[in-house]
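One line per chain: the protein sequences are H and D, in this order. This note's numbering applies: residue 1 is where the first sequence begins, and numbers increase by one. This note's numbering applies: residue 1001 is where the second sequence begins, and numbers increase by one.
It should be emphasised that the hints constitute simulated quantities derived from the structure, not laboratory data. Be careful, since some hints might not be right.
Said to hold, decoys possible - Just some of the chain H residues that point at chain D, by a computed CB distance under 8 Å:
1. L2
2. R173
3. P174
4. M186
5. V193
6. W362
7. F366
8. D413
9. Y417
10. P469
11. V473
12. P489
13. I491
14. F492
15. F495
Note that the coordinates shown come from a computational prediction; the quantities given were computed from them, not determined experimentally. Note that beta-carbon positions come from the ideal geometry of N, C-alpha and C, so glycine has one too.
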Amino acid sequence: MLFNSYAFLFGFLPLALIGFFGLRARGLRGPSVTFLMVASLAFYAYWKPSDTWVLVSTIVMNYTIARYMSRLGHGGAKALLILGICANLGLLVYFKYFDFLGTNLAALVGKEYVARGIVMPIGISFFTFTQLAYLVDCYRSRDYEGQFTNYALFVTIFPHLIAGPIIHHAEMRPQFARLRKTPIDMEMIKMGVIIFVIGIAKKVLLADNLVASADAVFNAADAGTHFNAAAAWTGTVAYTLQIYFDFSGYSDMAIGLALLFGLRLPINFNSPYKSRSIIEFWRCWHITLSTWLRDYLYIPLGGNRGGEWARLRNVFITFLLGGIWHGAGWTFVIWGALHGTYNVTNHLLRNKFAPAPAREGWLRSFIKQACVLLLVMIAWVFFRAKTVGGAIGILQSMAFIVPAEASRLEQADFAMYFWIVLAAAIALFAPNTQQITAYTQKTTEQLRLPRIDLLTSLRSGSVAFAASPAVAVVCGLLFAAALACIWRPAIFIYFNF
Amino acid sequence: MRLRNFLVIIVLTAILALAAMVALPHDKYLRYQSLNDHTAPNAYWIYERIHTDPTPIDIAFIGSSRTGRSMHTERLQENLAREGIQARAVNFHIVKTGRDMHYAIAKELLTNRPVKLLVLEMTELEDRTPHPDFIFIADAADVLSAPLFLNVGYLRNFSRLPGRQVDLFLETQLESVGLRQPDFTPPSYQGPNLDWTEFLQTLDGVRHPLTTHHSHAEMEKIRAEQDAAITPPLLPKALASLEFKVPRYYIEQILELAKEHNTKVVFLYLPRYGGPKTPPPYDAMYRSKVPLMNPQPLLQSSDIWADGTHVNWSGSKIVTDFVAEELAREKYIE
């Protein structure tokens, strides 16, 4: 079930909260954690009950492997780790890439391949990466999660289960322990409500209102339509904004929901479109995936240990595989390769030129930001298009290489441009969720909403605000607006990955 | 600020904001245009016929696609004229079933135009579920005041109402300043009689003839398939008022509305192929209250059916002629 659905908002979530806090109110903190795990499994099973076996069997498998790994010597543990990695990746490859590989290998040897039409269990890319990281961490530290319930909750906790943020066991373990022992800070719940409302507003009010503009261009381009430059730019800008608000909205909702249950998830977005370099962009976009790729792919590949060229090669391979992780298709391969190339170039330029001063002039800063955005948008064209031909067609139109019979965008109207301009203004100039709420994932720091109320905040020009009545009213208005719009079926983009 | 107060303010604000959204005004014509089913478009025309065409509406047919495919109103008018009755008939059908939709159309019609006779479709089995497109057409007050108990569509319609109201409000405002880019533009007015009996004209302007017919064996096969697909009344007769609460509620509403506006009501039984001789819902509830026109004995031949539930062009002539005779003979209209 989607976070932005009536079934979730008025069915699952209230029941989960009542069950969880009902148990805690009776002093049953341990059972409340078990309840949360069971509720999370039910949340997953709601999508397609028959897929739950994949999730449950990987949990049992990885828990068992980690447990035995801790008892074995170096060689045995390594063998078990390799077995675990192969089993996890094997499942992922089977569900996600089997048909893609089959089709391309068959084409390579000149044979025909009949696709099996394997349907991927939802969230498999995320729960596989979460568990792979756990296995590697266990191998490195020889420390494993003793309580099966805790491990199962770590993998399944419903706010992150389907599309992240990708979490690490080391981040969650102390939180689970605290959850079993201490009451939940009410400040976390207030912050959770605010962050959830911001997230649902981003998704439903912004991302979903951009879908039509992006789809109109990309779907037609995939079908062979050539657009004029204005239409191609409109579609690309709309998708650039749609994917940001869709995924960052989802991530905010996930963080907000986790806070309602006393847990902190890592931040996944940090105003990526304000970045002034591609390297900075990847420190702000899908942060948990970037971190995962760095820790479990780039560094094992050798990182920067083999000299400059080896480092650049590893950077490129990491982004290429990151692209393939997103989906089985050549468009994702190209997207990954493009970002790999961007990053390699960025590293080379950074080595060649002196580092930029901390405070740059606005013009220099603006040019850098515009260049980054342009490069990111070019890559998004491949990410969104279903066919390489469709993507190239749009890029040609964006470059004003358009045939005489190129179409204009029939659906273009005031509302379409209104949403694009509003979304762009927010993405480029507005403070992000953690700036507004002062959220931090660091469990060593106590979560406290800023003590400035909304009106004072607005008057002073600062961004953070406290849980004041004015903030509650704004949250209520945003939530009402989102509720009014969520009847339109709109899945999260990253649910497809 | 205490968590409880914080949450209470959020909830109250959200409720007030949603209520304000529901109260937003809009152009009702845009609302009717929002139901632009390309397979059988006529909602926009229903609004135009009621509000912009001064041609009288003496006889109004309200029902589903069965009514749409059965009643050729121009032919009916000609038949009645031959009997010395000058009356203008209009086919206000909307495809798919659901009595709430019939109520919405009847309300729009009767509150805006004088109508002498309302002919309401009756079938062999009332649909327990509301019309899937009720939310497109109905007034906000009717969506909110729909029966809640055993109404499987209530929450769906209720949840969509604020969004619908906001969308229509914004469209109305954009339209007023010339900034609206409509998803659908209705064709120019199609005249006082829009009948989909001889052909159906889709929005692309293509006319699809409705002259299909089947052999007896084919129709029997279709009937057997329908028999297997139909869910007969699930509860015992004594509990039918529960099972069929929603359709019965709306039929009563229509009858009350007609009474208020001095409009006579007659049911027209339009069975499926091989349907029962008389409609069981009629026998159960309305036999003593409302007269019934029953062409069922004339609809036995497989040649006059386009599919299991709709007559073809030949069948529509039979039904239309029968109705004209009945109206004249029983003096339902004078």
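Status of each hint after checking the structure:
Below 8 Å, beta-carbon pairs count as interface contacts, and L2(H) has none with chain D, the closest being about 14 Å; its hint is therefore violated. Of the supplied interface hints, the one on R173(H) is violated, with its beta-carbon coming no nearer than about 27 Å to a beta-carbon of chain D, more than 8 Å. Interface hint at P174(H): violated, since its Cβ lies 24 Å from the closest Cβ of chain D, which is beyond the 8 Å cut-off. Restraint check, M186(H) versus chain D: the minimum CB separation of about 5 Å is within 8 Å; hint holds.
Interface restraint check: V193(H) against chain D, minimum CB-CB distance 7 Å, threshold 8 Å, status holds. Evaluation of the W362(H) hint against chain D yields a violated restraint, the C-beta minimum of about 34 Å exceeding 8 Å. Here the hint on F366(H) is broken, as its CB sits about 31 Å from the closest CB of chain D, past 8 Å. Because the closest C-beta pair between D413(H) and chain D is about 3 Å apart, less than 8 Å, the hint holds.
Of the supplied interface hints, the one on Y417(H) is violated, with its beta-carbon coming no nearer than about 10 Å to a beta-carbon of chain D, more than 8 Å. Proximity of P469(H) to chain D holds as hinted, the smallest CB-CB distance being about 6 Å (cut-off 8 Å). Hint on V473(H) holds. Least Cβ distance to chain D is approximately 5 Å, under the 8 Å limit. Proximity of P489(H) to chain D is violated relative to the hint, the smallest CB-CB distance being about 12 Å (cut-off 8 Å).
Because the closest C-beta pair between I491(H) and chain D is about 18 Å apart, greater than 8 Å, the hint is violated. The restraint placing F492(H) at the interface with chain D is violated, with a minimum CB-CB distance near 19 Å, outside the 8 Å limit. A hinted interface residue such as F495(H) counts as satisfied when its beta carbon comes closer than 8 Å to some beta carbon of chain D; here the least separation is about 22 Å, so the hint is violated.
Hints 1, 2, 3, 6, 7, 9, 12, 13, 14, 15 from the earlier list are contradicted by this structure; the remaining hints agree with it.
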